[in-house]
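A.B. asks: Single-letter residue listing:
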Amino acid sequence: MLAMNYRGPFRVRAEDKPVPEIQHPQDAILQVTRACICGSDLHLYHGMVPDTRVGTTFGHEFIGVVQEVGHSVRNLKIGDRVLVPFNIACGQCVFCKQGLYSCCHESNAMSTAIGGVFGYSHIAGGFDGGQAEYVRVPYANIGPTVIPEGIDEEDALMLTDVLPTGYQAAEMGGIKIGDTVVVFGAGPIGITAARCAWLFGAGRVIVIDHLEYRLEFARKYASCEAYNFKSMDDPVLFLKRITDFLGADVCIDAVGSDACGNMMQTITGKKLKLQAGSATALHWAINAVKKGGIVSIVGVYGPTDNLVPIGNVVNKGVTIRAGQTSVKRLLPKLIEHVQNRVLRPKDIITHRFALEDVAEAYHIFSAKLDECIKPVLIPHPVH
Amino acid sequence: MEEELKERYQHIIGWGIDANPLNEPTYPIKDEGVEKGEVSWERPEKQKVEVEVLYSNERPGLPAVVGETFPPQFISGRLRRYAFKYSESRYRHWLPLLIADRINELEGVVGDITKGRLPTVLAKREWKARWQHERKSLVRNVLIGALAGMVIFKLVKYRQP
Numbered sequence: 000m001l002a003m004n005y006r007g008p009f010r011v012r013a014e015d016k017p018v019p020e021i022q023h024p025q026d027a028i029l030q031v032t033r034a035c036i037c038g039s040d041l042h043l044y045h046g047m048v049p050d051t052r053v054g055t056t057f058g059h060e061f062i063g064v065v066q067e068v069g070h071s072v073r074n075l076k077i078g079d080r081v082l083v084p085f086n087i088a089c090g091q092c093v094f095c096k097q098g099l100y101s102c103c104h105e106s107n108a109m110s111t112a113i114g115g116v117f118g119y120s121h122i123a124g125g126f127d128g129g130q131a132e133y134v135r136v137p138y139a140n141i142g143p144t145v146i147p148e149g150i151d152e153e154d155a156l157m158l159t160d161v162l163p164t165g166y167q168a169a170e171m172g173g174i175k176i177g178d179t180v181v182v183f184g185a186g187p188i189g190i191t192a193a194r195c196a197w198l199f200g201a202g203r204v205i206v207i208d209h210l211e212y213r214l215e216f217a218r219k220y221a222s223c224e225a226y227n228f229k230s231m232d233d234p235v236l237f238l239k240r241i242t243d244f245l246g247a248d249v250c251i252d253a254v255g256s257d258a259c260g261n262m263m264q265t266i267t268g269k270k271l272k273l274q275a276g277s278a279t280a281l282h283w284a285i286n287a288v289k290k291g292g293i294v295s296i297v298g299v300y301g302p303t304d305n306l307v308p309i310g311n312v313v314n315k316g317v318t319i320r321a322g323q324t325s326v327k328r329l330l331p332k333l334i335e336h337v338q339n340r341v342l343r344p345k346d347i348i349t350h351r352f353a354l355e356d357v358a359e360a361y362h363i364f365s366a367k368l369d370e371c372i373k374p375v376l377i378p379h380p381v382h
Numbered sequence: 000m001e002e003e004l005k006e007r008y009q010h011i012i013g014w015g016i017d018a019n020p021l022n023e024p025t026y027p028i029k030d031e032g033v034e035k036g037e038v039s040w041e042r043p044e045k046q047k048v049e050v051e052v053l054y055s056n057e058r059p060g061l062p063a064v065v066g067e068t069f070p071p072q073f074i075s076g077r078l079r080r081y082a083f084k085y086s087e088s089r090y091r092h093w094l095p096l097l098i099a100d101r102i103n104e105l106e107g108v109v110g111d112i113t114k115g116r117l118p119t120v121l122a123k124r125e126w127k128a129r130w131q132h133e134r135k136s137l138v139r140n141v142l143i144g145a146l147a148g149m150v151i152f153k154l155v156k157y158r159q160p
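Residue numbers (numbering that gives the first Met the number 0), protein chains in the order written: chain A, 0 to 382; chain B, 0 to 160.
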């Protein structure tokens, strides 16, 4: 089968690999029909996540058709069209029972800090991802969800990660009616978080980024204010000035380790890799939030350390809430919102590539060319 | 204020429909049904593991399901085995893994060559995207490369007796 193949930082290709097989009674094999490249995949592509082994197939956002199931799979049958949450979760451990499906303790051998994730390095379990014609899906009774009638295929694709993550970012912000919410990052997650902030009753939503085309998209898609930090001397001071010098009630970091905007963070975090990525967005979020406010983090960072003003967290009484998205917990509500046309997640898809053009797709997304916001890979039609 | 905001944002579909005054910092952990002190669970059936799988020493053994892709091998594999002797809290865990990744890249290049395949480091596949969207920098880089090549060629030729 054709699959994306990682060869090292900034080097990927499409290549033939063996079709995956059932390895556990709760496994299913899916024929992938659509797979996204996620902004988090770029952290892998840029070589920022340790234990990313050469040959790995990335891709944790995908939908497909069930081709084969293990003998313990009861909830799926061959031919079902399913969307697959990016978390690999057993549904039985103490963390899954609490709804923390991203922290499953039965799906990742290599790290205790995170549960298994499809195609996200060996520190997330060493599973191949869905940027391929076929993919192995463990715990098929728990994660994969049959795509309800009436839900568009690409809306379903956005329900595997982008929409739940943007929604959880807003949810973790604990937004109260009338709150001012600042979202750092106008990528797919930031734009979605800004849109979802309104569902919680935000009074004002502000997005900060440095790419004008993305800010323009955010203004239209999320009906929010959007500002370019490159046009300001100091983004934190700018945000204080436009919030009565108090700061925002809620700040959301939807950028993570690839942030730009601070030379010291860029050099130590991205170039020299002396910290787990550049924490510029988180730094700004902590300093721009109101005293007693909430910082919600969904941006992905590496597993070591980052330079952030933790003293200000203490002095300002800031609450930090963070987490990889618990997709399964949020799916029922979000499917309803998509069915009712409250949310239209597929509207953020800007590019579609054949799987064989995966290197082009990664380059265009990574270099922010052609006003790319969200690229989707379409595997070769089989037979 | 809520009514005033509802009026102001009536053009935003779904404004306020998920407002939840009970959403507080420990949500959703506090909401879910786990008995106090519950630390064990009925484990799923274990996968029959057929390759070497490294696992964190912060856990007693393998989880029920594991990824068996790319088991540790060669020099990078030895480094990875060393790394997994230490907990996720130690630099002795993460730094060897980072070094192993870079060595693994070179192993990948050697692997490509031994299989008779042009390594991706030479056969970069995004020429089309660069030509369409970054033509100036592509042309500049090609010219610089050609110029550097010519200079090296001349120097080598000049030094030959």
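These are computed hints drawn from the structure, not numbers from a lab. A hint or two may mislead.
[What the hints assert, rightly or not] Here are the simulated lysine-lysine pairs, DSS-like style, with alpha carbons at most 27 angstroms apart:
(1) B:Lys114 x A:Lys76
(2) A:Lys16 x B:Lys47
(3) A:Lys367 x A:Lys272
(4) B:Lys114 x A:Lys16
(5) B:Lys84 x A:Lys272
Remember, predicted model here, so these are calculated numbers, not experimental data.
A.B. asks: If any of the earlier hints don't hold here, list their numbers in rising order.
C.D. replies: Going through the list in order, the structure violates hint 1 alone and respects the others.
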